[in-house]
Amino acid sequence: MKTFKSGGVHPEENKLSAGAAIEALPLPEKVFIPVSQSLGAPSKLIVEKGAVVKTGQLLAKGEAFISSNVHSSVSGKVSRIEEITDTSGYRRTAVVIDVEGDEWDGQIDCSREIKAEITLSREEIVKKINEMGVVGLGGATFPSHVKLMVPEGKKAENLLINGVECEPYLTSDHRLMLERSREMLIGIQILMKGQDVKKAYIGIEKNKPDAIDHLKKLAAEYPGIEVVPLKVKYPQGGEKQLIKAITGREVPSGKLPIEVGCVVNNVGTALAVYEAVQKNKPLFERVVTVTGKSLKKPSNLLVRIGTPVNKLIDFAGGLPGDTGKVINGGPMMGKALTTLEVPVVKGTSGILVMPEKESKRMPVVNCIRCARCISVCPMGLEPVLLAQLSENQMFENAENERILDCIECGSCHFTCPAGRPLLDYLRLGKNKVGIIIRNRGKK
Amino acid sequence: MSLLTVSGSPHVHGHQNVKSIMYGVVVAMIPAIFVSVYFFGLDAARVIFISVAACLFFVWIIQKYLLKGPLTINDGSALVTGVLLAFNVPSNLPVWMIVVGALVSIGIAKMSFGGLGKNPFNPALIGRVFLLISFPVQMTSWPVPKALFAPGVTDAVTGPTTLGILKEGLNAGKSVQELMGSSGFPGYMNDMIGAQGGSVGEISAIALLLGAAYMYFRKIITWHIPVAYTGSAFVFSGILWLVDPARFIDPVMHMLAGGMILGVFFMATDMVSSPMSPRGQLVFGVGAGLLTILIRVWGAYPEGVSFAILIMNAFTPLINRSFKPKRFGEVPAKS
Amino acid sequence: MDNTLLFAVISLSAIGVISAIILYFVAQKFRVIEDPRIDIVAELLPGANCGGCGLAGCRAFAEEVVRTEDLSKLNCPVSSSEAMKQIAAAMGLEAAERDPMIAVVRCSGSRVNAPQKVIYDSAVSCAFAHSLSSGESGCPNGCLGYGDCVVSCKFDAIYIDSVTGLPVVSDEHCVACGACVTACPRSIIELRLKGKKDRRIYVSCVNTEKGGPAKKNCAVACIGCGKCVKECPYEAITLVNNLAYIDYNKCRLCRKCEPVCPTGAILETNFPPRKEKPAESASVADTAEA
Chain A
0 MKTFKSGGVH
10 PEENKLSAGA
20 AIEALPLPEK
30 VFIPVSQSLG
40 APSKLIVEKG
50 AVVKTGQLLA
60 KGEAFISSNV
70 HSSVSGKVSR
80 IEEITDTSGY
90 RRTAVVIDVE
100 GDEWDGQIDC
110 SREIKAEITL
120 SREEIVKKIN
130 EMGVVGLGGA
140 TFPSHVKLMV
150 PEGKKAENLL
160 INGVECEPYL
170 TSDHRLMLER
180 SREMLIGIQI
190 LMKGQDVKKA
200 YIGIEKNKPD
210 AIDHLKKLAA
220 EYPGIEVVPL
230 KVKYPQGGEK
240 QLIKAITGRE
250 VPSGKLPIEV
260 GCVVNNVGTA
270 LAVYEAVQKN
280 KPLFERVVTV
290 TGKSLKKPSN
300 LLVRIGTPVN
310 KLIDFAGGLP
320 GDTGKVINGG
330 PMMGKALTTL
340 EVPVVKGTSG
350 ILVMPEKESK
360 RMPVVNCIRC
370 ARCISVCPMG
380 LEPVLLAQLS
390 ENQMFENAEN
400 ERILDCIECG
410 SCHFTCPAGR
420 PLLDYLRLGK
430 NKVGIIIRNR
440 GKK
Chain B
0 MSLLTVSGSP
10 HVHGHQNVKS
20 IMYGVVVAMI
30 PAIFVSVYFF
40 GLDAARVIFI
50 SVAACLFFVW
60 IIQKYLLKGP
70 LTINDGSALV
80 TGVLLAFNVP
90 SNLPVWMIVV
100 GALVSIGIAK
110 MSFGGLGKNP
120 FNPALIGRVF
130 LLISFPVQMT
140 SWPVPKALFA
150 PGVTDAVTGP
160 TTLGILKEGL
170 NAGKSVQELM
180 GSSGFPGYMN
190 DMIGAQGGSV
200 GEISAIALLL
210 GAAYMYFRKI
220 ITWHIPVAYT
230 GSAFVFSGIL
240 WLVDPARFID
250 PVMHMLAGGM
260 ILGVFFMATD
270 MVSSPMSPRG
280 QLVFGVGAGL
290 LTILIRVWGA
300 YPEGVSFAIL
310 IMNAFTPLIN
320 RSFKPKRFGE
330 VPAKS
Chain C
0 MDNTLLFAVI
10 SLSAIGVISA
20 IILYFVAQKF
30 RVIEDPRIDI
40 VAELLPGANC
50 GGCGLAGCRA
60 FAEEVVRTED
70 LSKLNCPVSS
80 SEAMKQIAAA
90 MGLEAAERDP
100 MIAVVRCSGS
110 RVNAPQKVIY
120 DSAVSCAFAH
130 SLSSGESGCP
140 NGCLGYGDCV
150 VSCKFDAIYI
160 DSVTGLPVVS
170 DEHCVACGAC
180 VTACPRSIIE
190 LRLKGKKDRR
200 IYVSCVNTEK
210 GGPAKKNCAV
220 ACIGCGKCVK
230 ECPYEAITLV
240 NNLAYIDYNK
250 CRLCRKCEPV
260 CPTGAILETN
270 FPPRKEKPAE
280 SASVADTAEA
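Chains as they are written, first to last, in numbering that gives the first Met the number 0: chain A, 0 to 442; chain B, 0 to 334; chain C, 0 to 289.
What the hints contain is simulated information worked out from the structure, not anything from laboratory work. Misleading hints may appear alongside valid ones.
Said to hold, decoys possible - Calculated pairs, BS3-like style, for lysine-lysine (alpha carbon to alpha carbon, straight line, at most 25 angstroms):
no., chain 1, residue 1, chain 2, residue 2
1, A, 14, A, 216
2, B, 173, A, 205
3, A, 230, B, 218
4, A, 230, B, 145
Note that the coordinates shown come from a computational prediction; the quantities given were computed from them, not determined experimentally.
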């Protein structure tokens, strides 16, 4: 069984919602659509207060190279354009739309039949994906059209599709692979054409045997697509780890996957690409796992972007009384929410409700130099050293110890028997080192 | 509903904590405790009890009245130090010496550096070496083992260890074969189960290996240091043995006799004072193995494990600095 | 026996002589000729290496002084003006007269004024807390209270008040080196004129949100109403991004702005109690202290 070699941990999987079929969440009365939802430059707002919009209409245009379009996820009236609290408690500009009915933009192909034939050319595919605001749905929200444009001098050989879902609790990708497999496979073919590669691998961890069997059967009909079962190990869904696991190649430090001829896309992204290219449907809804040990009904919901998080939790049985923490994403890399009124965005893969007794960290004691953080680090770093350097503000030394290679997977903190906040300090250090490097560039 | 908690990821944690690791080590030492009580009688239990009690007491008194900081007495680390110190002394050591050893272990080797995790040397070994140098007579007169309740032997009989017999005999000009054939020499089998003279915890290879296996499967220790340590000691002593079997002890006897197994699995693997990266741990193990045999063969003392480990402890920061883990995506320097 | 003794003496002496010769030549070879004035200036400096002057440390400052022979651009904020005058005298230069400054914490979002909305449970570091979320009170600009400024201070001049959870600067110990200003991830601490008898008036808030959201998180936030701007006879107060700011160079400490502030965001320090309208000033003082 393939996997990446060095480091990694195995947290309890807790895939509570693995058996729950995807349900569409009823439309909320109001949606809050943040103007910028992807990595890169902020998008430019093109609607005004009072405008009447249809589902799928463009709200904000990504003008820079790395930026993406944002579309309306509902039909109705733009009641306000205001600053709303985002996941971290800071305020960001968002379009507030009062929902009236659900009238879709005329260009969207609403039929349910699957359109297998790919008629667009390579350039048209890239353009279409850009127009429809498709971004990486694994969590990083990197604009997908940028990934398709291979820099000059480089050649993409393999397309890797990330169906690993190594984060505990989350099951949205798993359900997608089971329920929307054909569309997804066509999406993969589109990506292959867009990138001009002949070979695509779908990496799936062994804890989803049904998805592996199902896709293996179907993939036989699609030339060049191969399903690769992988050993269960976190963080296998990390781009660099996935490439290592499937192809055995190591992305050099500080470089992008294209350096070793690979491009990685999430299964959700493949589906979004299918819908964008074949159905003309912008990315305005996504599957979100709503889960938690004390939640009544852990579910996988098809949610319109901009729906407040508390609507999702209400649908899944309401917020349990013993809630201590609500996480946007999985427990290993997700972000704890400060309020439940924040909207679902393109990068929201799950909402995890943690009971109070699991929401506090363990007490911090002295480091006993057990070196577990070193042995689990998938990047071969020394988290204990880096955290120390960053705590003592020795950022130049931290840079030399390659703090920027850290993928923030959290394995070090997960495994630390002394409960030390290693990743906190690594993040802080990465931040500061980034600033130092940018300032250096200016001089 | 109470207030939401906000913290950085990850939001889940593995099952191991410092306490579980420390108590895991204690559990691993239980078989050896039983064996030593079997062979040395209640004396062994007495030594262990006093050593543990003294270690816990010194941690408590230092943290409470000297440092005035939080009490971490129940994290298990003082317990481990106490048992390990007891394992490293003869079972007939006077009470006050054990207490002095505990004071040196806890007070000087551990708390003066900042407590748990800050000590450069293994505290139990510092305590043992302090006692060995200060009280060489008491520290090297080992009671002769006798099975519990075996009749006819009085408690007061003392005798040398396996390595002691060999060292003295070799110095007197006898050959190894001659010595191993002599009456009173424990032999392989007795060294294995523990019927040999020696410190409280070091006598039975089987009991210690059982504990080591437990620690390995609980993932408290990794294979790197033990394998490198025993490997290098085995190869080095093997080469010497091949050169002259009459002058040098064979490698298997080196493995079984003295504190080798105890040192390799329980003290060289001490997390705090051993290197962090796997490569560094291999270097550490190889160095300690070579030093052990060097000291055993040419040194003044018959036993070299404690000195070898302490010397390598001193090298740990250097090893940490020079042997980094293999970085992911490291580009080999282009020439 | 004698021979051995003799041999030892001779050989040791020989080694000593040879080493001395080697040392002499090495010392010659690697000798660094340094301006003796650097040592003189360095002697006069406090030696805390705080970096408040913008250079790497006191030695670097002394070198810079000697190299440029100009004190107009260089100033050690930590040294008293007498010490600077001594340095100037040693260099044969004129020291510029500078008014003493002090670090001022511009946030009153204490645990009472800005109640806790979430529980923060991560590394004790303002910089990390700032990158993770808006903080326990929800104010995106307010003090987080994890003491990055306390750690940065080399003069023990800041401590976190255990009741309010806010940093307090000691008038006595602060030397205005500016370390805390750089350490604060939210730029709450500012160097202001120390003022005669330590009297200062400043807006104790850096929140740039509009009145509504600002007030929601904190009772003593500046809501950008502009009343103080209108009140100020010296045009010392400006309003940018819903936040009033008092320019300490223009402010004449007339105390007219403080009573008009509806939220009590303007603070004055070390003034005698007001005489007129005792009732009103008392209520304002209450909110400020609460």
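- Task: Quick one: which hint numbers does this structure break? Sort them smallest to largest.
- Result: Numbers 2, 4, in rising order.
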